[in-house]
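Protein chains: 2
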Amino acid sequence: MKAKVYVTPKKSIADPQGNAIGRALNKIGYDKVEDVRIGKLIEIELGQITKEEAEVQLKEMCEKLLANTVIEQYSFEIE
Amino acid sequence: MKAKVYVTPKKSIADPQGNAIGRALNKIGYDKVEDVRIGKLIEIELGQITKEEAEVQLKEMCEKLLANTVIEQYSFEIE
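Protein chains in written order, with the numbering used here: chain B, 1 to 79; chain Y, 1 to 79.
Chain B extracted, bound-state conformation (with noise of 0.2 Å):
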């Protein structure tokens, strides 16, 4: 089963590798940019596994390991 986790930072937190790139982007000509924003985007291949099990540990691991919750929001989808 494969999961994948999207860990991005609060909107209320300032991004400053995301105004970095969008400044770049805005350089090099894409003034249509008008916001970025950077997250992670964590695939995790799990074993034999319910997808009701699946995604209790998921949240587990986001709560534990993968995310700041101080900072950063996750939400994770398994296919």
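You may find that some hints are simply not true.
Each pair may be met inside one copy or between any two copies, as identical chains are not told apart.
Cross-link-like lysine-lysine pairs, in silico, DSSO-like; alpha carbons within 30 Å at most [what the hints assert, rightly or not]:
1) K4 <-> K64
2) K32 <-> K11
3) K51 <-> K64
4) K27 <-> K59
Treat the hints as calculated values from the structure; they're not laboratory data.
Chain B is fixed; fit chain Y onto it per the hints.
Just chain Y now, with coordinates in the frame of chain B:
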């Protein structure tokens, strides 16, 4: 218009960051985790632009700046 760009290491490229997170997850009890790969999720807010233009521009942005196509692959979706 909002776009999400996903940049991940190519399958043939080692991903030590992903391996470290995989081992850490195994260590704290998630023994079903078999493989982890880490990529970037780039959320781009685009101004007034058609979907067709956005597609062309996003492909260019990925090739020029967002992805290192020697070692990374990319995909994107426009909302």
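Hint by hint, which ones does the structure fall short of?
Hints that this structure does not satisfy do not exist here, as all of them hold.
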